[in-house]
Amino acid sequence: MRSAAPFSGGWPAAGIGLLLLFPLSSPDAFFLDVFTTGFLLAAFAASWDVVGGVSGQITLGHALPFGAAAYACALLTSFAGWPLPLAVAAAVLLAAAVGAGIGAISAPLDGPFVALLTLALGEIAHEAAVGNTFFSGPGGYAWGGEGGIPVTLPWRDASPFSSYYAALAFLCLGSFGMLRFSRSGAGLILRAVAGSPITAQASGVPIARFKRLAFTVGAAFAGAAGAGFVLHVGRATANDLSLELSFQAATFAAVGGRGTIVGPVVAALVLHLLFQGLSLPPSARVLLYALTLLVTLRFFPGGVVGTARDLASRLGGKEGARPPRRRGRKRPGEGTP
Amino acid sequence: MSTLLSAEGITKSFGATQVLSGIALSVAPGEPVGLFGPNGSGKTTLVNILSGLLLPDAGTVRFDGKEITRLPLDARYRLGIARTFQIPHPYPALSVREAVRVALAADAGKRKEGGGTREDEEGPTEDLLARTGLFNQRFVPCAQLSQGCLRRLEFARALACRPRLLILDEIFSALSAADEGDLMALLRAANRDEGTAFLLVSHNPPLLKSLCRRILVLKEGRIVRERPVG
Chain Y
1 MRSAAPFSGG WPAAGIGLLL LFPLSSPDAF FLDVFTTGFL LAAFAASWDV
51 VGGVSGQITL GHALPFGAAA YACALLTSFA GWPLPLAVAA AVLLAAAVGA
101 GIGAISAPLD GPFVALLTLA LGEIAHEAAV GNTFFSGPGG YAWGGEGGIP
151 VTLPWRDASP FSSYYAALAF LCLGSFGMLR FSRSGAGLIL RAVAGSPITA
201 QASGVPIARF KRLAFTVGAA FAGAAGAGFV LHVGRATAND LSLELSFQAA
251 TFAAVGGRGT IVGPVVAALV LHLLFQGLSL PPSARVLLYA LTLLVTLRFF
301 PGGVVGTARD LASRLGGKEG ARPPRRRGRK RPGEGTP
Chain D
1 MSTLLSAEGI TKSFGATQVL SGIALSVAPG EPVGLFGPNG SGKTTLVNIL
51 SGLLLPDAGT VRFDGKEITR LPLDARYRLG IARTFQIPHP YPALSVREAV
101 RVALAADAGK RKEGGGTRED EEGPTEDLLA RTGLFNQRFV PCAQLSQGCL
151 RRLEFARALA CRPRLLILDE IFSALSAADE GDLMALLRAA NRDEGTAFLL
201 VSHNPPLLKS LCRRILVLKE GRIVRERPVG
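So the sequences go chain by chain: Y and D.
Take the first sequence: its position 197, counted from the start at 1, is 197 in our numbering, and no numbers get skipped.
Take the second sequence: its position 190, counted from the start at 1, is 190 in our numbering, and no numbers get skipped.
Note that these hints are calculated values from the structure, not bench results.
Treat the hints with care, since some could be wrong.
[As the list claims (entries may be wrong)] Cβ pair distances, simulated, as ranges: (1) 146(D) / 184(Y): 28 to 34 Å; (2) 110(Y) / 181(D): 37 to 43 Å; (3) 24(Y) / 89(D): 52 to 58 Å; (4) 57(D) / 315(Y): 53 to 59 Å; (5) 144(D) / 155(Y): 52 to 58 Å; (6) 185(D) / 315(Y): 37 to 43 Å; (7) 67(D) / 184(Y): 31 to 37 Å; (8) 314(Y) / 146(D): 17 to 23 Å.
For every residue, glycine included, the Cβ atom is placed at its ideal position computed from N, Cα and C.
This is chain D alone, in the form it adopts within the complex (with noise of 0.2 Å):
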């Protein structure tokens, strides 16, 4: 099997404190994985270096062959790797139509130096927003929007670069029952649809199990399990 996305001896310390300790792990083109572990495990400092937030302290990432471990998040968005964040940061001042526009920028070579978005982005821009079930939400401001909007929000700004591969850390977490099964739908379609590989970060088993093909399992910063889901 190819791999997508692989990490080699990932090790991260923050002061004395030692958050990962050579991990290692691949997601295959497509292929949909889990992330599992409890509070302080390293999760989130993991999911910042492969989406390339934070530098490791030792160890490389590569995607698709290319070593990117140094390659900042921004570079690492427009080559197919997209992230959500688990406390999601909207721009306070921007609508949900104009948040979205920013993320389409980068998509299809379409930002040039200086340039900025182009006027033909608004289709796509609106399908997005219908995709992901934000088009009467559109000229709302983002600071006004619910946790379930932000939640969609991220995740069409991730949809928006056609990604590869998604890290989505908790975007499930405190949800109603309506906005998590809409984004579960969201995220099976955009694998089966598009093949969209993604890594999916949750404290959610069944969730994990029930949208995942392979969990890895993360304590006190090593990849204790990984087990199939069969």
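For reference, chain Y alone in the conformation it holds in the complex (with noise of 0.2 Å):
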């Protein structure tokens, strides 16, 4: 878990370079548009990986921060006029606010007792947008319900480059954001507690804090992308808020090695490219969706990053530690079994 060897060094580097230069070749508008939605989706996984990798909390709800985002945005702009930048700055603070309060309802129970809370919490959003609609005032059409919530925003027609670009912009930061703090003190006690929480909590962790903490910035994250997700597709809907959403971040995270950051979002670049490039119908994702998730867990269940690093470590006949750096005179312990 410590250094994701099959990632590290020049491959993302060299992956973002292709990124960078894939639109010079003309692509067709579909494409960026399909790139865009998965630099997104990249970013959404890899914040379900900080709840559900890092720190062992499986969530089956981690739309519910995804969608409130997105309808806080659509509604602030639209609604209450705010400013974009300060609308999504809210949309960020609200979704970290759902995470927060997430995370001290489901702190003090474990394994899939937390998914089924997720899973509740999600619906009841789900179902509450699906069935709720608000009216625009004297122009008296309805908002909400099925057709969702528009985004006002400030400029007309985006570019797909420019979208392609600012989505991009956005996945490599917030990757890197989550992946430092992933392997932060606070993310190191947080895969402590996902491996084993009684011996955690026997080392001094406050477990139920820790929990908390990790609900709290996956859902600022997740909130980060559910934003720039309705900027991109200027409505919020109820698909916002779907389990599918939520499952399809889960098989991210597993398909590319949950707790790595880096794989779920490899995963789900690649997935999501290879199923909506292709045009398939909605229903032939969903079922290619459980079929990758089901090889996976069966075959490969550390995920790509996992079985990468499997492989690295049997050929360089090591576990994939770092190599001892010397500091000092030689110790006491050293040499002893």
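The two chains are supplied separately, each in an independent frame; assemble them into the complex guided by the hints.
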């Protein structure tokens, strides 16, 4: 879990370089749109990994902060007339608060109960979004419900290129931030909580507080992705709160390698581009996601990154740990078993 | 003699089974105390209550004069009561060094809200690893450790908070003679050099006699005998 050896060094730079160059090949606007959505979904998958991978709290309601931020952005710009940057900031804060709330409620629970609780919370929000309509006052046309709520943007018809590069920049910055968090001291403690909560607690870790932290940070990034998504598609809809979206994020994380951040990003990009780029119908996509998840869990439980690490450590003859650094004189414990 | 840890009237039942009945015990600062008893006598339940993993049905636990009966395990650790487990539960994805860093983060107010560990813990981490004989295994994943090394890691984790009281649940069971000797030396050193009191649970009377000043005998949920080691 320490280093993403297969994705360290020049690999991310090479991938980003290719993505930066891709629009120069004059692709179809459809493909640019598929990529842009893929970048936002990849950031969302990485945010799921902060909660479900790094800290081991399997959530099936991660669409809740994503959708809450999307709806907040739409409502604040369209209803309240807030300037977009302020609305986005408020939406991200709201998502973080939603995450903190979910974390507080689920902190005493473990394993499947966290998944069930978050599933229930997500579904409540989804049903509330589907079933409620708002009215725009004098104009009188309905907002909300199945049709969703439009976002008011200060620009008209953003070019696919600017959307593409903005989403790519968000993915790079967001992933970097989440990777830094997962490798920080707090991230180390979260991995301890994920691995053995009782040992972590016996080591002085207030596990409820750290679970809340994981949900809050993961939800904040999910909210940022949700705000980005609503800016891209122009409308917050109940789909932004759907179980399918949460399931997709969990699938990307499982396929890419839970707890690695980079793995879910890569898996989300590859799978989304593949399934969406082939213009498959939604039902076929869901089936393919489910099949991919089944195959991964059965044959590559560590996901792509975990399997690649295992291979690398077998070939290298080491368990993938960092080489020991010499620090000063020989220590008394050296040489003892 | 002042009291570091005291328990009064500790009672615990699981369903219809009464496991502990009105236990009273005390440990003085720096005192090495043994707890002996047959299987099923309630030793681990008592340890779980004293360390904050379980709540008693009745009774109080005090540490340094302060009531801590409802204080959870992590808060007691930060207070200076560290415990080890009869069956270690290692972190599967962390290295030995990382596992010690997690425990060190609780020490001396270094943990802040959401803060985690700090880089300046590297020196203490490596010193603790060296002291417990784990320096050469510091990059090994905890899941790959031998039983002896797992016990050493349990010990390192417990020592990380500079405890005033160690509660050691069968830490010497299923160890090689060499590992047992090393851990005994570590425990004696912590007691002698840092004045760390301990409550050592064991099935092994000679071992308890060699390490402890006083031995409590637990049988069917009651302390039936308390004898000083002469």
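Okay, residue 314(Y) versus residue 146(D) on CB: inside 17 to 23 Å? Distance hint for residue 314(Y), residue 146(D) holds at roughly 21 Å.
Please check whether residue 57(D) and residue 315(Y) have a Cβ separation lying inside 53 to 59 Å. holds, 56 Å
Does the hinted range 31 to 37 Å hold for residue 67(D) and residue 184(Y) at CB? 36 Å Cβ-Cβ, so the 31 to 37 Å window holds.
For residue 144(D) and residue 155(Y), compare the CB-CB distance with the range 52 to 58 Å and indicate the outcome. Since residue 144(D) and residue 155(Y) have Cβ atoms about 55 Å apart, the given range 52 to 58 Å holds.
With 37 to 43 Å as the target window, see if residue 110(Y) and residue 181(D) comply at their CB atoms. The hinted range 37 to 43 Å holds for residue 110(Y) and residue 181(D), with Cβ atoms some 38 Å apart.
Take the C-beta atom of residue 24(Y) and the C-beta atom of residue 89(D), compute their distance, and say whether it sits inside 52 to 58 Å. holds, 53 Å
For the pair residue 185(D) and residue 315(Y), does the Cβ-Cβ distance stay inside 37 to 43 Å? holds, 40 Å
Holds or violated: the 28 to 34 Å window for the beta-carbon distance between residue 146(D) and residue 184(Y)? At 31 Å between Cβs, range holds.
Checked against the numbered hints above, the structure breaks none of them.
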